[in-house]
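**Q** Residue numbers (full-length UniProt numbering), protein chains in the order written: chain C, 1 to 257; chain D, 1 to 257; chain B, 1 to 257; chain A, 1 to 257.
Some hints could be false.
Because identical chains cannot be distinguished in the list, a pair is counted as satisfied if it fits within a single copy or across any two copies.
Calculated lysine to any residue pairs in the SDA-like style (CA-CA distance at most 25 Å, straight line) [what the hints assert, rightly or not]:
no.: 1; residue 1: 140; residue 2: 81
no.: 2; residue 1: 177; residue 2: 75
no.: 3; residue 1: 105; residue 2: 176
no.: 4; residue 1: 140; residue 2: 79
no.: 5; residue 1: 2; residue 2: 220
Treat the hints as calculated values from the structure; they're not laboratory data. Small disclaimer: the values here were computed from a predicted structure and weren't measured.
Okay, here's what each chain looks like letter by letter:
Number of protein chains: 4
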Amino acid sequence: MKPLVIAGKTFNSRLFTGTGKFSSGKLMQDALLASGSELVTVALKRVDLKKQEDEILPYLNHSQFNLLPNTSGVRNAKEAIFAAQLAREALETNWLKLEIHPDPKYLLPDPIETLKAAEELVKQGFIVLPYINADPVLCKRLEEVGTAAVMPLGSPIGSNSGLQTKAMLEIIIEQSKVPVVIDAGIGAPSHAAEALEMGADAVLINTAMAVSADPVKISVAFKMAVEAGRMAFEAKMGKSVKEAVASSPLTAFLDEL
Amino acid sequence: MKPLVIAGKTFNSRLFTGTGKFSSGKLMQDALLASGSELVTVALKRVDLKKQEDEILPYLNHSQFNLLPNTSGVRNAKEAIFAAQLAREALETNWLKLEIHPDPKYLLPDPIETLKAAEELVKQGFIVLPYINADPVLCKRLEEVGTAAVMPLGSPIGSNSGLQTKAMLEIIIEQSKVPVVIDAGIGAPSHAAEALEMGADAVLINTAMAVSADPVKISVAFKMAVEAGRMAFEAKMGKSVKEAVASSPLTAFLDEL
Amino acid sequence: MKPLVIAGKTFNSRLFTGTGKFSSGKLMQDALLASGSELVTVALKRVDLKKQEDEILPYLNHSQFNLLPNTSGVRNAKEAIFAAQLAREALETNWLKLEIHPDPKYLLPDPIETLKAAEELVKQGFIVLPYINADPVLCKRLEEVGTAAVMPLGSPIGSNSGLQTKAMLEIIIEQSKVPVVIDAGIGAPSHAAEALEMGADAVLINTAMAVSADPVKISVAFKMAVEAGRMAFEAKMGKSVKEAVASSPLTAFLDEL
Amino acid sequence: MKPLVIAGKTFNSRLFTGTGKFSSGKLMQDALLASGSELVTVALKRVDLKKQEDEILPYLNHSQFNLLPNTSGVRNAKEAIFAAQLAREALETNWLKLEIHPDPKYLLPDPIETLKAAEELVKQGFIVLPYINADPVLCKRLEEVGTAAVMPLGSPIGSNSGLQTKAMLEIIIEQSKVPVVIDAGIGAPSHAAEALEMGADAVLINTAMAVSADPVKISVAFKMAVEAGRMAFEAKMGKSVKEAVASSPLTAFLDEL
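Just chain C, same shape as in the assembly (with noise of 0.2 Å):
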């Protein structure tokens, strides 16, 4: 398979997670691992700024992850760019998963403060990856102030149900030049695969990974699900098509009855 290439760092898996909902920090680093995913997002306030006991980073300090911190929580662009600089300062990294939600319920992402602040934040040097609303339009902005990837959701975050914007998410692939990773509502490997077959490079899964019984066997369902979707994609696949087409030819010893 194709590596991904993100703003000139290379990944090998196109499974991207997060760290939010698992029991235990251990569990989490378990099923982390078995992901094989090497971008990791943190939402800033599970960091501990006054460096007391912190009860995420331990977990996520090992070679196979790169942080994402994001911004969760932050409701426009002044309060987000913020959170980034308090996240590079705490993380020393200078990657930053930007999320900008007003609304509590569904936590849908604001496009216009997302721009405004990708816009910005871009121009401080940090390497954006904005979570949005599946808007073709929109990734291309965002694409043209800087960002080094756009992150369209599937479904509202932990809904668990898949491709509800694939009519949008189809145009935004087809039309994007940098990296689509599709975030939010995936809630099955299935939905996973789908997401590398259409063409996005790579996915983001937090919830589906940690609310399930056994969140370790789950991830390596998505790992493999997300790999064979990719493969499919370069493999190129058969057309969807209306009638059938026999994959066993009729057969002629029936003459012989």
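Since chain C is already given, all that's left is putting chains D, B and A on it; use the hints.
**A** Positioned in the frame of chain C, the structure of chains D, B and A alone reads:
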């Protein structure tokens, strides 16, 4: 992963395959080996009943493969029983994929003739795996006459359209006491993963492998997708929900702003 | 709109209805009259065979309605034939909706018993409309034994889930020489419109009318939706395409800017 | 049915229409009259700004129609504001369908420029109905700057693909305090009915009417489907459930067998 048992025989792979449409016997063999498939269906017509040059069989003579002769091309129970007997003699196996499709356009199976033939073939000692429409009541009746599994279709053969009959497949899986193998229409690894996630015991894939630009690569993709789907089923997935459920907890750090 | 002819009888309404689950006979009557339905199915059980107080029939004694007795509750061909004969005597009609569903949970029809009963009932002079799974080959076989129509299901009875079997319904409609009436699962006017747009000849609706908070109002909605779907089918609709096609021409006035 | 009120104006029809792609002005007029539409959008380009021969306007000079000029063809807020002012002067209305789509292939709207233009145009006294992607947060922001409605797309303009953005439309409808008009992509009466059943306040249809083989007939079909969908919404529909729920009660008469 839990192995699959059909008629007392254990399979480590839940990916069954077919032999039609590959551009060469060698390519078919490479793809089937790469898929990990342990049960390969072959149309009787492709077996040289006159012991002349045989195009297919030598490529299937491998310890990984068990042959599953099929009756593709027959139009009624009488023809199917005749074909089954020929197949048993020629291939020295009593396993049989029973396919009766009078319609040459969509190759859809005949429920009446299939039940009639199944009942007789079970009496004659065959291990019968019938290919049928996604009809829950028919599945129960086939189970009652002693078929070793049921093979409902996902969508018409060769259509690559996936699980178009999903609403009925869910009921079949819920009610069946014999293994459920989803056959026909699976065109992408995501479709295969979805079938296993739903609780199907296996899938049968042929066209999607044979018509890919890279049959070996896509066969590996299908192998991984099937395993991913099964693992997810065993690990249990989260429910699909309508509202967003944050995987990153909301941040308190903004209080410092 | 072109009227529908079944067994020589002309219907101006393509909306067939049922009588179950209404909270009162009077409300049922009002809803069915409002729906414009000319063919109303009634379970034999609801007809008082002992000439005692009859809850349903008086409300159906109206020139708009033709009765279509059904065999709901029977589990095999023998019981169905018995029920049909009772119904013919009690209701003085040889029209019959043939339903055989051994499964008490999903009430799905039995293809084998249905074909057997249909063949016998046609010989006995019944006008047979069989309720069946969306199985294209079974539809052809029923047509061959002389049923007046076929009634494939959209989804399980009472599920309000719409045309879950659409892929198979399309094939049935394409191939059938007798009218195709989609029965079961239609829960919304949009489902009914979709069925007619696809080329189905009629739909049968019951639960969705009876359980609405306002059965009369929703019956009018179904009436209009069925007519809308049929008119769209007759007017021919544009194809679904992937790219946008502007309906407003691009403007040149901007040159003045 | 409850009438629809936008910016203080009452509409008895919830079907808004467009004027593009009809083969003649007369046919357009006949179809729009038949549709019952009371709000008709017209591209500024089609209005003759130099008072020469005007192809479209005479056909729209009818008491049934209110004109809704649109800014189709503009690529940013500045162009949109200029076009809006021209339209107000030429058509003597301050109603405006605000469309800004820089992408010539899919004609998808720009969220940033649309919000910017909407804010300014509201200040200038326009009644603004913005055409946008199905983005719940953007809808709230437009509502906050004072648009009279929001017009999220169902799928790309002219695609006839229906409500591909359904998951997001449901959230928009749930949260919006201004009327929600689903615009673009509605290709069949069933799509229109579905939109109203979900609780959308209105739909805008153009291509599907103009490209039908019989624009007048299909316009009547859309009129009926919109009314059917609205009535079903008001009457409240039953929930979609997974198990069958018999509409015909099971029969006891078989005890006599």
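**Q** Could you run down the list of hints and mark each one as holding or not?
**A** Verification of the supplied hints:
1. Proximity of residue 140 and residue 81 under a CA criterion of 25 Å is satisfied in both settings, with 21 Å inside one chain copy and 23 Å between copies.
2. In this assembly of identical chains, the alpha carbons of residue 177 and residue 75 lie at most 25 Å apart only when taken from different copies (21 Å versus 28 Å within one copy).
3. Within a single copy, residue 105 and residue 176 get their C-alpha atoms only as close as 29 Å, which misses the 25 Å cut-off; across copies the closest is 14 Å, which meets it.
4. Taking identical chains as interchangeable, the C-alpha atoms of residue 140 and residue 79 lie at most 25 Å apart whether they share a chain (24 Å) or sit on different chains (19 Å).
5. With identical chains, the CA atoms of residue 2 and residue 220 are at most 25 Å apart both within one copy (20 Å) and between copies (15 Å).
Hint compliance for this structure: no hint is broken.
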